[in-house]
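Dock chain B against the given chain A, drawing on the hints supplied.
Protein chains: 2
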Amino acid sequence: VNTLKDIAGYIKAKDPFILATHVSPEGDAFGSAIALSMALDAMGKASLVYDRDPVPEFYTFLPGWQRVLNTLDGTRTEDYNLILLDCNDLERAGLEGKSFKDTAVIDHHITERDFGRLRWIEPGTAAAGLMVYRLLKELGTPITKDIAVNLYTAIAVDTGIFRYGNTSPEALKSAAELVEAGAEPDTVAEGLYETWSPGRFMLFAKSLNTIQFSDGVAITVVTKKMFEETGTTSSDTENFPGYARVVKDIKVCALIKETDPGTWKVSLRSSKDTDVASVAQAFGGGGHRNASGCTIKADLETAKELLLKKIHERI
Amino acid sequence: VNTLKDIAGYIKAKDPFILATHVSPEGDAFGSAIALSMALDAMGKASLVYDRDPVPEFYTFLPGWQRVLNTLDGTRTEDYNLILLDCNDLERAGLEGKSFKDTAVIDHHITERDFGRLRWIEPGTAAAGLMVYRLLKELGTPITKDIAVNLYTAIAVDTGIFRYGNTSPEALKSAAELVEAGAEPDTVAEGLYETWSPGRFMLFAKSLNTIQFSDGVAITVVTKKMFEETGTTSSDTENFPGYARVVKDIKVCALIKETDPGTWKVSLRSSKDTDVASVAQAFGGGGHRNASGCTIKADLETAKELLLKKIHERI
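Protein sequences, first through last, are from chains A and B.
Here the first sequence stands for residues 1 to 315, numbered as in our numbering.
Here the second sequence stands for residues 1001 to 1315, numbered as in our numbering.
In isolation and in its complexed conformation, chain A is listed as follows (with noise of 0.2 Å):
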């Protein structure tokens, strides 16, 4: 496991990069990218942005949205140096099979994977927006106003606005540094929640009418059909796993979201004192103690209770 210092010494050593991050992208994976590339420029050094699916439209206020490419067609990859954000390997960052002159992580998810040559991996920290505000005051660039919008966002997205249990004091105080940079806390939060297309608020009251309690558990469908009957797409979901915590005593909310048929993409979110990490983990996915993932295959009303009944086995 390297640190901060070894991740500076990569930075000032090599040229040039390749900052990729996981697909299915939010504020965290593109404002730490965007504000390491700009950091890049300012240190002289070239880098390309990569991730494999679009920047959805309510993050285009991201200064420098512009820079993310969603392929590397025709690139050399074995002509940069990697840098994966916000993800820990290749296939989370739809890179597998591509091969890199060399190869650097900066991450806060928990993992037992060990891609990448260098590998500086936080699970304490809040975002991995974080870890790249430090790095880039350890390599001494300037933080401007566009970097700090960015770093903000990022560190909101992941601390869902400084509401959830992981909303550190460093969260707080590089929050605080980095408005003093020129970020601006409204309308960071407009551009991240008040955007939605008519579609995608659809999209949200057709999900909570699927919802059905079961003793602290919250669990809610997105179906195909109502991606096609809003004319939205898997992204305009964000946000929506957590939703029904505003309802009292929730321990956990599920979102169950149809990728193909009989192919369920499970969401969870907890209260603080309950793990969903060991949840997904037992579907074979991941993440975080209070945000974690996974697959389901199985026609729904099964998928549901498989899910149900392992959460219930954990808390």
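Errors might be hidden in some of the hints.
[As the list claims (entries may be wrong)] Stretch by stretch, here's where chain B covers chain A in the computed footprint (C-beta under 8 Å, at least three residues):
no.	stretch
1	163 to 170
2	181 to 190
3	291 to 305
The hints are simulated quantities; they were obtained by calculation from the structure and are not laboratory data.
For clarity, every value in this text was computed on a predicted model and none was experimentally measured.
A virtual CB, placed ideally from N, CA and C, is assigned to each residue, including glycine.
Leaving out everything else, chain B in the frame of chain A:
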């Protein structure tokens, strides 16, 4: 106008105190008053906390909420030194006609009044709780976990948990320190927002499914039948009216609630630049620029039509 140091001097010199805050209190009022009262305990000084209105049930997660007295009957107020918190005149605190040994004001609201021998007023500060935090630092009293929770809650409530434009570096930095002192962001957020009944959630889901969008206007309906089916009442729709603002470019949200057959109570919410007071007035109602209400007697479709027509005339 006085300063932090003047108020610190007042507190050091005097004893006992009445700490009073405004009627219809919220987290900044309670948190500021309770925290200051605990600090006075540590200084060996006596204090009463007064609010004319009772503590709402969902604020009973605040440590020390039991300190709040709703009457000063039997208290010789003229033997006490008053500190008004989060307000700046006796009327707003429900104390009109009372007299005190000495008087001081700690507030962050703009005012043209001049109540108080000492007046420490900072309209640029996000929360009264931030001013109290600065005061406790100046006084050198320990920031216990209970004090930290109260002050964190004060800041969280007045910044919409760090979403509003007043979310200053000081607000975030103080929050970081208060988390270090023992405040738990997720516990506070749960205390403030995660107290819905399942029935209320079902009502919310049903109401969202009625939504209609029309050129920047979103109309949502709640019928008597929905209340019956979910075992809820009219007060369960608090926070529903503005919800559709998450949709991009929505200027006006209208919630139409059936109070009696054929009678619809309308709540209007608008974005900053749109005035809905005049719409409500056109139907004999009233309210503020961005939040107003009225009643329409008609069948549902007619009520919606009349309302939409009037809104589109005015915006």
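### Query
Looking back at the numbered hints, which does the structure fail to meet, lowest number first?
3
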